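K.L.:
Sequence:
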Amino acid sequence: MQNTSKLKGRELVRHVLENGVTVNIPKGELCITDGAVKKVMGTAEVGFAEKEAFVETMGLDIYSLSPDYPRQGKELPARKDYLWPELENWTAETPYFIFAVLDGAFEWGMRLLGFAEFCSNLRSSAVMSALIEQVEKLNFYMIEKLAAEGVNGIILADDIAHQHGLFARPQVLQDLFIPSLARQTEQILKQDLPVFFHSDGNYRDVLSDIINIGVSGLECLEKTAGMQIEELQAAVGQEVCLWGHLDTDDLEAAAKDEGMLADLVDSTRALAAGKKFILGTTSGIFEGMRLDVLQELYSKV
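So the sequence shown is residues 30 to 330, counted in my numbering.
Because the hints were derived from the structure by calculation, they are not lab data.
Do not rely on the hints blindly, as some may be mistaken.
Label-pair ranges, simulated between beta-carbon atoms [what the hints assert, rightly or not]: (1) Glu122 to Arg198: 44 to 50 Å; (2) Glu287 to Pro208: 48 to 54 Å; (3) Glu122 to Gly71: 20 to 26 Å.
For clarity, every value in this text was computed on a predicted model and none was experimentally measured.
Beta carbons are placed, not taken as given, at the ideal position from N, Cα and C, and that holds for glycine.
Input sequences plus hints: build the corresponding full structure.
P.N.:
See the structure below:
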């Protein structure tokens with residue numbers, strides 16, 4: 030029988046995605062700013078070595094990679110310009126579970142066109158269909174490339190919601206964008222990789238649609254937007270892993286009161302016990318947050 034008490038990094042994450050939390054709780058973040066690395070590590074420069082040391086110091090099991098690409102007006106970047114810095118370093122030289130972040134068509138549309146123009150074009154199925162097709166071609170290529178180069182999972186990032194609800198009518202998402210996410214999810218699962226869906230805000234009106242496309246997990250659960258993790262656990266059951274429910278207010282409160290920190294540790298353990306659960310923040314790690322409290326919480330759970 031496997032000794033799960035010693036699992037960490039990619040082996041721990043794989044175990045939890047398959048079985049739920051049995052002893053150790055995996056920890057990870059969607060993004061980590063260079064400023065946070067500089068603050069914790071006391072360094073002026075940030076390269077792969079400093080980032081890896083930060084991940085180890087914070088006790089993380091996951092590292093998430095985002096691509097670099099030039100901004101070219103309203104056009105998607107060419108494949109050759111879509112780069113993954115330090116990808117081989119992270120996959121070949123570290124024990125961490127490496128996620129790669131790919132943006133979906135809704136995210137790309139807002140980025141390329143701007144919010145107002147994008148929302149206006151939602152009425153044009155021809156414009157949206159062309160955008161979706163281009164994004165899928167790019168992402169299908171990247172999924173195969175990333176799988177071949179050793180990533181352990183994919184995060185499909187599509188910010189379809191704000192604090193009070195969806196940016197578009199549910200029917201628009203159900204007709205256009207969720208089918209696109211479904212096709213990308215299918216492609217990722219064909220590579221035998223887990224796929225997480227990320228969006229800020231409250232997307233409860235299409236939560237069941239997202240779950241039904243077969244995602245392995247959801248990343249970023251903002252209780253201030255009505256995405257309370259306890260309710261979501263009851264809604265999604267044991268098939269979907271939930272990741273990232275802490276917000277900066279939790280850390281600020283724990284910094285002022287040791288009792289609050291103890292309560293946060295206890296509540297995290299209760300949320301994780303027997304569940305498919307990854308501990309993390311809704312925001313990612315940045316220099317302005319209480320990194321000392323986050324590190325202490327990570328060490329105590």
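K.L.:
Next step is simple, just say for each hint if it's right about the structure.
P.N.:
Hint check:
1. The hint said 44 to 50 Å for the Cβ distance between Glu122 and Arg198, and at roughly 46 Å that hint holds.
2. Between Glu287 and Pro208 the C-beta distance comes to about 49 Å, which sits within the given range of 48 to 54 Å.
3. Our hint of 20 to 26 Å for Glu122 and Gly71 holds, since their Cβ atoms are close to 23 Å apart.
When held up to the earlier numbered hints, the structure conflicts with none and fits them all.
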